[in-house]
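Number of protein chains: 2
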Amino acid sequence: MAAESKPQPKKWIMNAFAMAAPGHLAPGLWKHPQDQARNFDNLEYWLSLAKALEDGQFHGVFLADVLGLYDVYKGPQNKAPALAAAAQFPIFDPFLVISAMASVTKRLSFGITASTTYESPYALARKFSTLDHLTKGRVGWNVVTSYLESAAKSFGLDTQIPHDERYLIAEEFLEVFYKLLEGSWRDDAVVQDKETGQYTVPERVRNINHKGKHFSSVGPNTVHPSVQRTPFIFQAGSSGAGKNFATKHAEAMFLPGMTPEATKKIADSIREQAKVNGRDPSSLKLLAGILVIVDETDEKALQKYHDYLSYADFEGTAALFGGWTGHDLAKFDDDEDFKFSGPGAIQSMVSAWTATVPNSEDIKWTRRRVVQELAISGVCAKAIGGPKTVADQLQRWVDVAGVDGFNLSYAISPGSFEDMVKWLWPELKRRGVFWDGYEFETTRENYLADGKGPRLRSDHPGSRFTWNSDEELE
Amino acid sequence: MAAESKPQPKKWIMNAFAMAAPGHLAPGLWKHPQDQARNFDNLEYWLSLAKALEDGQFHGVFLADVLGLYDVYKGPQNKAPALAAAAQFPIFDPFLVISAMASVTKRLSFGITASTTYESPYALARKFSTLDHLTKGRVGWNVVTSYLESAAKSFGLDTQIPHDERYLIAEEFLEVFYKLLEGSWRDDAVVQDKETGQYTVPERVRNINHKGKHFSSVGPNTVHPSVQRTPFIFQAGSSGAGKNFATKHAEAMFLPGMTPEATKKIADSIREQAKVNGRDPSSLKLLAGILVIVDETDEKALQKYHDYLSYADFEGTAALFGGWTGHDLAKFDDDEDFKFSGPGAIQSMVSAWTATVPNSEDIKWTRRRVVQELAISGVCAKAIGGPKTVADQLQRWVDVAGVDGFNLSYAISPGSFEDMVKWLWPELKRRGVFWDGYEFETTRENYLADGKGPRLRSDHPGSRFTWNSDEELE
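Chains as they are written, first to last, in the UniProt record's numbering: chain A, 1 to 474; chain B, 1 to 474.
Extracted from the complex, chain A is given alone in its bound form (with noise of 0.2 angstroms):
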């Protein structure tokens, strides 16, 4: 060899972002000619996006989901503007499309979203048990504890349950999840032999017994391990009380922030906690999320932008902020200045576009500005440009935010994604960031790349509850 070869740079996680909705963070994109996702009640759609995310190499996708309707605009619980614009809503149970899109994939992983704050432990650790056999190892879970005052009522509750609380609730929540996957089967329990006549060897089975504040479950989980266990964690909080939850639990994190500066100290933060916490901050992966525009040039990217910008629908964006952060954007003057007054959350919001946006300065924040920043992209970060730019951008991201990947979110889908396939990966691939394809078959291997295997690694709280084979019989 002539030299030593220069160190590999780290390769990216791209996961794409989606909802089981007409549309996702791009309300009104649904009358794009080249949107494929209003025809989301069809079970073509997802097949074929199953299809193009694993031809374009895709980490994984994700699917978002909420379990009521953004009712806080022009509100209180006025449903007309989620409705007219279909922001986020219709909305599939996402569970549902997995073994479908699983039936023609082999690599591709799936996030999917559920509440704990509204399914049962012991039902929950069976579905993903299920769907971890069923996709051989592909699935990962977005813990989240809901957030709309509409599904709540919706569950029965007269009002929603306090953050804080619903993230203690959470914490026990895992705790059963954790003994129903790792600890109630032993690895080596089913055996199928067919000489002793023995599926499963009983005394390789155990209740777990769990008896806590919120929860109580006497067990076993009704499926055997899978490949996985326990499903790949991801998790959003950025609450205090998010943070602390997050940081025990998750294996891969989605990082708001409008800025990679902004990010860093989110992620700074982040690894830091983790740590607290005992966890490697290593095995926590840190994904911006983060909405790309990309085509041959900037012109022609900056093109597309603006022509997507023209099928928007303000009132369904302003319907979907206002579920996000409980400010109903109807209540403020038309030329109500942001950057001067208004809720802290709208101020810091301007403030940090006034960084990313072209002459932020002089522009007057009113609400109508605010809401088309906010449409397509939602409270991510946008990147748009030719290859090269977006590259850059995301470049700085890993750079300065010290981000492991990104969650890509669309404008129109699969148009959105095709267009990364098919102008940013190149690019990508020439800096040596973009990875060599599916190394590995589980969603845990090909997210944390560490050759440590299918199951949960051993600074995760949930490992202290693995029943291994070597392991002594109850």
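Careful: at least some of the hints might be erroneous.
What the hints assert, rightly or not - When the alpha-carbon atoms are kept at most 25 angstroms apart in a straight line, the in silico BS3-like pairs for lysine-lysine are as follows:
{"id": "1", "chain 1": "A", "residue 1": "Lys51", "chain 2": "B", "residue 2": "Lys106"}
{"id": "2", "chain 1": "B", "residue 1": "Lys300", "chain 2": "B", "residue 2": "Lys194"}
{"id": "3", "chain 1": "A", "residue 1": "Lys51", "chain 2": "B", "residue 2": "Lys51"}
{"id": "4", "chain 1": "B", "residue 1": "Lys304", "chain 2": "B", "residue 2": "Lys382"}
{"id": "5", "chain 1": "B", "residue 1": "Lys300", "chain 2": "B", "residue 2": "Lys422"}
{"id": "6", "chain 1": "B", "residue 1": "Lys243", "chain 2": "B", "residue 2": "Lys275"}
{"id": "7", "chain 1": "A", "residue 1": "Lys10", "chain 2": "A", "residue 2": "Lys382"}
{"id": "8", "chain 1": "A", "residue 1": "Lys11", "chain 2": "A", "residue 2": "Lys264"}
{"id": "9", "chain 1": "B", "residue 1": "Lys136", "chain 2": "A", "residue 2": "Lys51"}
{"id": "10", "chain 1": "B", "residue 1": "Lys51", "chain 2": "A", "residue 2": "Lys106"}
{"id": "11", "chain 1": "A", "residue 1": "Lys194", "chain 2": "B", "residue 2": "Lys304"}
{"id": "12", "chain 1": "A", "residue 1": "Lys106", "chain 2": "B", "residue 2": "Lys106"}
{"id": "13", "chain 1": "B", "residue 1": "Lys194", "chain 2": "A", "residue 2": "Lys304"}
{"id": "14", "chain 1": "B", "residue 1": "Lys388", "chain 2": "A", "residue 2": "Lys74"}
{"id": "15", "chain 1": "B", "residue 1": "Lys422", "chain 2": "B", "residue 2": "Lys106"}
{"id": "16", "chain 1": "B", "residue 1": "Lys74", "chain 2": "A", "residue 2": "Lys194"}
{"id": "17", "chain 1": "B", "residue 1": "Lys51", "chain 2": "A", "residue 2": "Lys136"}
{"id": "18", "chain 1": "A", "residue 1": "Lys304", "chain 2": "A", "residue 2": "Lys422"}
{"id": "19", "chain 1": "A", "residue 1": "Lys422", "chain 2": "A", "residue 2": "Lys300"}
{"id": "20", "chain 1": "A", "residue 1": "Lys429", "chain 2": "A", "residue 2": "Lys6"}
None of these hints come from the bench; they were simulated from the model.
Only a predicted model underlies this, so the values are computations on that prediction, with no experimental measurement involved.
Given the coordinates of chain A, work out where chain B should sit on it, guided by the hints.
For chain B alone, kept in the frame of chain A given last:
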């Protein structure tokens, strides 16, 4: 024409009865070299089963379900017999295999078991709406209230809710379910109008604002109306409370009974009670559960039965029986003759067998003999023989009990179903009782075959909640 054609005989409903477990009613048969159901944890099994059943023109496949372990036998709370025999355990969430099966079929229906005791009506409405869209109207719901103590304890209850109270809860559950599926979206709510920018017309979606004793839910359903709206409703209640519930809500019922004569009594009383409940008895189809073992000749079929019996797991059978009846067979003496003593449930079963099993009167009905009779078929009847013998037996069920078809269980899967297609279907076609194949797309149309479309019939209690396009807005 020379003469008036004979009236066509009624076409039978032929439904495949299965379970997302290593076996359903025949514990131990997973050891049989031709059985594939033991690969239930592999998606390929479900894809090939779906294709085989649609090629064979079964009306549908019906997935039974339980939410816990059978632990009464040699108990209480003894998991060993069921685990070793894989007696309906491990078991998957049946919802999660459906979209994959739907993706490789066009007309086959899917009956899914779900419990009104452990589900939320809001979440369940969403699940069935999702699947009814994805399958284009090919799903049914087998409404159960669940009977396993072990399930109750894993869902956080100290003990099961009493039987009749479970049915009161189920009654309100169905009301909420209908309100969500039939009443919260007007048929013409989704317009996808690119001119006005409306995906959904907001005035055509309304809350249900249900406040009852057991449930409250604001709504609306998170999913727009699907082809059938309400899934086709199956039920199997045979108790007093169960029968009252079923004759109101069911569109097809699975009937117990080991002989056509015993089932006739049940069928007659069901049709009677259906009338009392305001139902048109012809819109409530009755299916007898039966195990068919068929081959070229009677002798070969009997040989096959004995071959299967040699793989049967009697301990697993006793475990199932314990869960179904609450009776622990281990508590009886080896030589006790259930013709003369023992619990009523067992005695009446034995008395049914004396009518069907050759020389039954001379048999000492010990627990071993009882279990042997239950092995492979469970508490369903058996039809074993060549094509003519089996067809004659089924014809007797239709003639005597007046059933509309059969819920056909398997000894081995898909082998038992393939045998029916190969040996039995030609004979049934000759007799004019096998349909000419799928005339319609939806479950309701194929099962009711009354030409009245995919929605609930007007005599059905759910139909009063339906919000049709010609009805006024809120």
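Checking against the hints above, which ones are violated? 2, 14
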